[in-house]
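Can you join these two chains into the complex? Each is in its own frame, and there are hints to help.
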Amino acid sequence: MISMWLLLLNIQCLFIPQGSNKMIIRNNAITEDDWIVLRLGEQESAEDITVAAGKVIVPLKVWLAQRDALQQRHEIGVWLASDERPEDLKGDIEKFSVIAVDFPKFSDGRGYSIAYNLRARLGYTGELRAIGDVLRDQLFYMRRVGFDAFAPRPDRKIEDALKGLTDFSEVYQTSFDQKLPLFRRVQLKGNSPAGLVNE
Amino acid sequence: MYRYDEYDQQIVNERVDQYRDQVRRRLSGELTEQEFLPLRLQNGLYMQIHGYMLRIAVPYGFISSKQMRMFAHIARKYDRGYGHFTTRQNIQFNWLKLEDTPDILAELASVEMHAIQTSGNCVRNITSDEFAGVAQDEVVDPRPYAEILRQWSTFHPEFAYLPRKFKIAISGGKEDRAAIYAHDIGLSVTKNAQGEVGFRVLVGGGLGRTPIIGVEICEFVPWQHILTYVESILRIYNQYGRRDNKYKARIKILVKALGIDEFKRQVEADWADLKEGPGTLTIEEVNRVASFFTDPAYETLTDHDSALNEFKADSRSFSNWMMRNVKPHRVPGYAIVVLSLKKPGDAPGDATAEQMEAIADLADRYSFGELRITHKQNLVLADVKQQDLIRLWQEATEYEVASPNIGLLTDMISCPGAEFCTLANARSIPLAKSIAKRFEDLDFQHDIGEISINISGCVNACGQHHIGNIGITGVEKKDHDEWYQVSLGGAEGNHSSLSKILGPSFTFNQVPEVIDRILQVYLRERVEAESFIDTVRRIGHAPFKEHVYATDFDVEEEEVIDKHVVTSAQYSVPFYSPRF
Chain A
1 MISMWLLLLN IQCLFIPQGS NKMIIRNNAI TEDDWIVLRL GEQESAEDIT
51 VAAGKVIVPL KVWLAQRDAL QQRHEIGVWL ASDERPEDLK GDIEKFSVIA
101 VDFPKFSDGR GYSIAYNLRA RLGYTGELRA IGDVLRDQLF YMRRVGFDAF
151 APRPDRKIED ALKGLTDFSE VYQTSFDQKL PLFRRVQLKG NSPAGLVNE
Chain B
1 MYRYDEYDQQ IVNERVDQYR DQVRRRLSGE LTEQEFLPLR LQNGLYMQIH
51 GYMLRIAVPY GFISSKQMRM FAHIARKYDR GYGHFTTRQN IQFNWLKLED
101 TPDILAELAS VEMHAIQTSG NCVRNITSDE FAGVAQDEVV DPRPYAEILR
151 QWSTFHPEFA YLPRKFKIAI SGGKEDRAAI YAHDIGLSVT KNAQGEVGFR
201 VLVGGGLGRT PIIGVEICEF VPWQHILTYV ESILRIYNQY GRRDNKYKAR
251 IKILVKALGI DEFKRQVEAD WADLKEGPGT LTIEEVNRVA SFFTDPAYET
301 LTDHDSALNE FKADSRSFSN WMMRNVKPHR VPGYAIVVLS LKKPGDAPGD
351 ATAEQMEAIA DLADRYSFGE LRITHKQNLV LADVKQQDLI RLWQEATEYE
401 VASPNIGLLT DMISCPGAEF CTLANARSIP LAKSIAKRFE DLDFQHDIGE
451 ISINISGCVN ACGQHHIGNI GITGVEKKDH DEWYQVSLGG AEGNHSSLSK
501 ILGPSFTFNQ VPEVIDRILQ VYLRERVEAE SFIDTVRRIG HAPFKEHVYA
551 TDFDVEEEEV IDKHVVTSAQ YSVPFYSPRF
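Top line first, the protein sequences correspond to chains A and B. Quick note on numbering: the first sequence equals residues 1 to 199 in this note's numbering. Quick note on numbering: the second sequence equals residues 1 to 580 in this note's numbering.
Just chain B, same shape as in the assembly (with noise of 0.2 angstroms):
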């Protein structure tokens, strides 16, 4: 993986130097709160209902096991034992306080870490695809052209203060796993006909309040070119995209209002004069960032394991998870493995301080000392030997994280929800707990097969449900403030599309049984192996919308005093609220 060099060190002391001394201002009042917000969401700090909350970049999704170890360490010093992955690769701590984050950050610099740019109105973390450099689709490695993005977006000067955040994802896959549809900027780095290698550009995706799939702007920018391409797109929206409403300031927004061809040639006019400048890229430059990017050193193995096999056939757990978490690797006697933050009754992407160290040491010892992070909110060794699976299998189930349900229902992908953020109104986390108790046996969620729930607390959409097979969202209406909103028909990846509101929304005991609803109509009208989304598409909302609606619930709701208290059951951690 890309290490620093003494250039990429300088600027992240000097940023801890610079933040703990703009905390300092805050703490002193020489910055008001007003003033203090954009600086400290540039570092990714969120004020929350509880205190303060820490996004760190976590690049392309890429850590060493010794950045995860220092996450576990953050997690026991400075918050309450547990940190939450999210799905854009990163990590959120959700109980610190602010006078501690200079020190936090400092700790982060020593591994090569850092929170810069994982909020406010910038170039986001760059996003990626989890199995970057093992896949067997893969056409072109995209680790270099994030790595260089990274840098080039780095405390970029002039966009630093655009219109609202722009989140960039990269895929080198023929099937792609980034979700680039649904990004500010999504680019399928490809090879042309003559084999040079080059990228597809799309532009004005994203989800929120206006979801839209995003539009090709180029088919095919040479790879010299991306950074200058890149920055025309931004200048652009930087000049034109919507200032004066929050929510139509997003760069979908414009390229709407100007059509995809105006906004291309504005983008193509402004390119003019930097396409040979001195910002294209150098073959030494790419070269000296995929030198990083390198194999492993890989034994010389063969696909089959006799052992493997005679062991599926003992244990039906343990080839549940190979059949759920192991994913094919291009390297003969390799295999991915999926380790799921998804265990039923945890909340989605929450990993304790020993998890993350127990998992460190398998990163060690089973996969060259290397982590990723899903999109999904899971974890990925990317480097396992066939041979230790069992292993492999057994130290993680210790740790329960070898849920073998990745692409089943209980994979939720869920946003922390209304007990940490002020902007939810749903009750994400617990709301995916009773879902997953619901569905939780096994032979009934391999019955229903691949499919994907995805909750987000409000219309910001933060957990993607517009590209969830079954999208939940939380709503307010005018007497209450928790509604439930179900949609159907998102997906993402090549075939990426947006879910359809079913109809009126439904309180937090209902949803579950709404989800029964619509997949008894799965199981009634689904043809051979066909996936869930595959009937959703074919047969359309109405069998579904009519079954869901057809009868009255039988379900009562506990009175919810507070829905920003934690359900604190899985951390025996006491609640407490340093800011009200």
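In isolation and in its complexed conformation, chain A is listed as follows (with noise of 0.2 angstroms):
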């Protein structure tokens, strides 16, 4: 069991390439990022990892043991694992320039309920960012339940997955994006005639 973890870790790290200018997309955009993901290794442990001065995104962990210290700079970002709850930042919401959601593997869904969650129970504002396991075919549910900024898998070229976020023009039901289902906004216009398309 602990050395599919490690394994997982591994394959986390080829997903996230140290060093900073990477491409992200942000508000339906390819744009340079300067944002550092930290990822505790092996050996580190939260309260003792030393946080490189810059732009980083902490683990959860680290933001928990190193609150009074992190809390002090002018910019902060906090990333969740996909077991973590956001609840854990209730209070602190305010103080992050950047939230990210972290997908191990892109079939693990738990991270669209966290960023409902951050976006409509804890009001978070600021950017919401997916990061890991981020392909072109989740990038359109992710954004419906309140990412704005995607760091897409850095094999794949970002602007396949870019087109990811215009696969539906419309959709039925209400989410973070969507306050209005279908039904309440189509009443507003007055019902089309159904079953005509097809005659």
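Some hints here could point you the wrong way.
When the alpha-carbon atoms are kept at most 27 angstroms apart in a straight line, the in silico DSSO-like pairs for lysine-lysine are as follows [claimed, not checked]:
#1 Lys275(B) with Lys256(B)
#2 Lys189(A) with Lys275(B)
#3 Lys179(A) with Lys275(B)
#4 Lys246(B) with Lys105(A)
#5 Lys246(B) with Lys500(B)
#6 Lys163(A) with Lys95(A)
#7 Lys90(A) with Lys275(B)
#8 Lys246(B) with Lys256(B)
#9 Lys248(B) with Lys105(A)
#10 Lys165(B) with Lys105(A)
FYI, nobody ran anything at the bench for these hints, they're computed from the structure. All values reported here derive from a predicted model rather than from experimental measurement.
See the structure below:
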């Protein structure tokens, strides 16, 4: 089991290039980004790790352990693992320039509910970024639940990933992006005749 | 039935484009198979033994004759001339090529159909009562709510990557015909003492490796709140359902672990701020959707037709069919007809392109052009004039869909099994054929009466063996990977129960003899008109077990060189396997 986790951690490391000036998608456009995502190595502990100067997105554990020092910084970000709770940031939400949610693999969908809760329940209005195993075909859903920034896996063309945001032009249900379900929006406009489209 | 408006059509069309591009990226190598897997599964596409299988959504089992003809067209053009109707009221095609699937979806979209979320760890196709709208015991018509739930769950952004698949069933009759106790969420739409419509909500039911009967989470959720209530159930599940072990990932495991009271507390805490929010249903929307499910133009008729009675007296085949396949309708002079896809010797649930077209014609001539697919893998013509029954029976007989066996021994449920599916240990379809052959005698079947035999190729329980009166499952043991476990005492409906394993497993050829011995005990022990399941419940497993294992089995097993080879006698198609 432990070796599985190590393997996963290794894979994650591959997804996150060290260094700065990588490209991400923010507000529907490809832009340069100079935030560094800090991930704890095996030997490192949340209490003892030295958080480098500059724009760093720290793990939730590091934030909780070094909160007093980190909140003095001009700019700080935090990221949540898929099994962590956004409620742990309650009261601190305003302190972050960016909150990221990690997708350890794209089939792990907890991050969607974390994002929804951050936006809808905790009222977070800053940048919400998807990191980890982030691929084109998830982006449409991610934006709907409240993500506005995406760091797609670096082994894929970011230009292709951008296309994922426009897969659909209409949606049925309410989520963070769409406060009214389709049936309420259509009602406001007056229903269009159903059943005639294919006659 | 429901018809698409411009929004529904646009969403389905855009899905076709999205999927076409995903297939293009897979074929060009841009997507690895591992990355493509969850994408194709959310579109109902499985890679099976011989090629790709596509599961097409039939929302709550309702289709028009036009859509049925499209199935026939797909069967001919892209498959091998037949399709398989499933226990989830869908249809599957087993012999497709990946590169054809975008075109198939485009053809389906032209008749308001799709394959969205028919597989994968998401909210699956909503299933319902096959007699909805026409059953005599109906309290509230479940179809408008099934359609509203279909739209709500389609591409729900938060619940596309759940811990595991998620199945919702909805029923609106006094008698549950949608197996709501065996679903992740089971909904019974009903009325309270004030006559207001609402839902009794069950949660945590399911079959598979750990069969559990669903428990009530809320006695009455008013209709306005059903979407938000379901949303909260899914949000709690999405966050806390287990993801470390796929066999413990269904919601039933979470509900068991937390206990229903704690689970309910969490759900209702999440629900608090949604309850009166914009996700609340409006009466205008319910009325809009319900307007698609109004009565067809029924004629004013009376129930008793003397010609029918005369013909019944003349023809035993017809009177058998009337007794088993024709059900009472709430409108005088009309009847519900179940067309059997269980002709002994054929694969349960299979229909050829010719049969599909003939059935579509029958629907046009006799039932306002509409059909339903049952979770027992048969088809229903819901609005047949009683005065048309003789002609309908004659025509249905011609196309071999009039076997008078609904609810009888040969009306078996079966998954596709090892011939098609990589998971299966059992050759489900050949076994179903072998059992049907042994008990083909109709007098014997009618004497046995109501009984359900459900066959699953493996523990995943696609054949719903846990809720069959007799359940058969393929299992593997160290020495051999094809053993058949027989269990007894399962049932669906209002008195749902899970079957219990009888004892050590059997070989393929022993199973028909095992069933014979079980039936001998029933015939010996039953009192008056007691049904099989009632006898089992009254006398328990012991007498059956004792008799089944009392003497050795005198059967020989032929050697099966490759159980994944399809016994293709039914369809004169050559066997080939593009995969190997």
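Each hint tested on the structure:
Taken as a hint, the Lys275(B) and Lys256(B) pair is honoured in the structure, with Cα atoms around 25 angstroms apart against an allowance of 27 angstroms. Between Lys189(A) and Lys275(B) the CA atoms are separated by roughly 24 angstroms; this keeps the pair inside 27 angstroms, and the hint holds. Annotation: proposed proximity of Lys179(A) to Lys275(B) holds, straight-line Cα distance about 14 angstroms (limit 27 angstroms). For the hint pairing Lys246(B) with Lys105(A), the CA-to-CA distance comes to about 15 angstroms; that is within 27 angstroms, so the pair holds.
Proposed proximity of Lys246(B) and Lys500(B) is supported: the alpha carbons are some 23 angstroms apart, at most 27 angstroms. Taking the CA atoms of Lys163(A) and Lys95(A), the gap is about 32 angstroms. The hint is violated against a cut of 27 angstroms. Restraint check: the Cα-Cα separation between Lys90(A) and Lys275(B) comes to about 23 angstroms, which is no more than 27 angstroms; the hinted pair holds. Between Lys246(B) and Lys256(B) the CA atoms are separated by roughly 16 angstroms; this keeps the pair inside 27 angstroms, and the hint holds.
Proposed proximity of Lys248(B) and Lys105(A) is supported: the alpha carbons are some 19 angstroms apart, at most 27 angstroms. Our distance criterion of 27 angstroms between C-alpha atoms is met by Lys165(B) and Lys105(A), whose separation comes to about 17 angstroms.
When the structure is compared with the earlier hints, a violation turns up for hint 6 alone.
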